[in-house]
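Quick note, the sequences are listed as chains A and B, same order.
Last residue of the first sequence? That's 281 in our numbering, and every number before it is there in order.
Last residue of the second sequence? That's 255 in our numbering, and every number before it is there in order.
If you're looking for bench data, these hints aren't it; they were derived computationally from the structure.
Some hints could be false.
Straight-line alpha carbon distances no greater than 27 Å define the calculated DSSO-like cross-link-like pairs of lysine-lysine that follow [claimed, not checked]:
hint, chain 1, residue 1, chain 2, residue 2
1, B, LYS92, A, LYS82
2, A, LYS211, B, LYS46
3, A, LYS81, A, LYS104
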Amino acid sequence: MSTLIQGAGVGLRTPHLSHLLNERPDVPWLELLADNWFAEGGTDLELLEVITELYPVTLHGVNLSLGTLDPLDFDYLEKIKKLTQRTHTAWYSEHCSFSSFEGKRTPDLLPLPYTHEALRHICDRIDQVQTFLGEKLLIENISCYVECADNQMSEATFIGEVARQAGCEILLDINNLYVNSVNHRFDPIDYLNELPLSSVKQLHLSGHNDKGLFLLDSHGSEIIPAVWELYEYLISKTGDIPTLIEWDHDIPSWETLMMECRTAQHILNRANTTAGIKDIA
Amino acid sequence: MKGSTPHLANWQNNMIASAQAKGHKPILEDLCQASSGLDERISAYKNNYQQTLINWLSYAHPMVYKLVGEKYFIQLANDYLNSHVLNDQNFKHYGALFSNHLSRILVNRNALKEIPFISDLAKADWLLHQSYYAKNRAPFNIQAFSKLSPEQQSSATLSLAKDFFLIDSHWPLLDLWEFHREVKPIEQVTKSEEKLHFVIVRQVFRPILVKIDSLERSFLQAVIDRIRLRSLSEDIAHLPAKWIEIGWISDYMVR
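Next comes chain A alone, as it looks inside the complex (with noise of 0.2 Å):
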């Protein structure tokens, strides 16, 4: 199994998983969501094997709670260890975000105020757990409802430090970007200008919700044409970046979900033409 990530892939959910074993179709390469892929006997180890066999995977976690300051979960670390090795994953990624504290959870990611001590403290984690794992982390920006008052910099600069004090990479996420700078009225290009787009290593696309006064990243639908806007015009500067399609909630047809797959491409595509005729000039 090769581990080159390239082009538009797309996350792996259960309602494609006969589609995708029984006519193997066509796409360069999964998400696997790390957190449904623990079992350690039945159906899903059988499938997994099968899954790792045709494409080249990455896994994507969403329950370390890395920014937690509860103790870090060595237990489920090992599992993510191994499932590394089982899935000879390019990567693991996990979000910028908490989701317990004092033992008590909730599903759900949560924002950090982006402030020097919780810099400091998310740095220390991304440390320990990439010293466990023995690799990078990439680390997601996360689609946000509320921002703490005393935040002391911007998330930009606050992604853009944990990349670099912690010496992990980026998975940006263009529609949480696209959602926050809506919700808490930044410029999103001002964003984009801001972070380290040398450390960014894959990017995520998916759709939201307009909840009337705020955007609630939903993950349920089309991603709208400002969100593709956006994604252009980072492709544009940093030339092809594999891109992911995210759809969890309404799954729609793979072929559906294929579509959106082509539109990425294409962008990509498009750019690495451009930069084509750029290197010939």
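Since chain A is already given, all that's left is putting chain B on it; use the hints.
Leaving out everything else, chain B in the frame of chain A:
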């Protein structure tokens, strides 16, 4: 609070409390930047918490869900959420006590009095789920066992396969399970005087529910109690070989 340096602990405590709907809302409001619809924004976290856990409970309890219907299931799940805070790293472990919870509230709910077997059904749901994800069995090492001395063999204790679970119930769980799978209709659910015994095991990747008799139940108890092979009563002494053959017994330990 605004303008002072926020402590990460204070922020995390209030965010989690708000998501779990047990927060002091005014405190979180004080910690957040003013923005339009702040109440609704904070509620988005609460809704995500509730919706994700309710969806999970319904997924992990398909028989109960089908029995009571979506509307009433959501009520039951909300009750459970109110009395059981999520405190496990993996939310997919949430719901282990749903059956106990149903058993506790059974006496006070008229709607549930008509389906008194709901708690046992929830237990079967949960264990079917656990069995599905359980670790694969390693085949019983007959060769190694046969090399033990007769004394060692007779002092050995047995271990059950990881996908093997036991349920004792006064209700015909096998009939209810088959009804759920539309294998056969069910006319009437009658409570048995004696306890009935069922096991859940995984068979070619799929967990199944199997009824066992009282003799097999005695043997199972002996295995759970780590009774040595030589101490098994005569009437169940033939069962180890049978259960090893079908894979329900997966290991032994010489003590």
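Hint-by-hint comparison with the structure:
1. B:LYS92 to A:LYS82: Roughly 19 Å separates the two Cα atoms, so the pair holds.
2. A:LYS211 to B:LYS46: 15 Å, holds
3. A:LYS81 to A:LYS104: Roughly 25 Å between the alpha carbons, so the hint for LYS81 of chain A and LYS104 of chain A holds.
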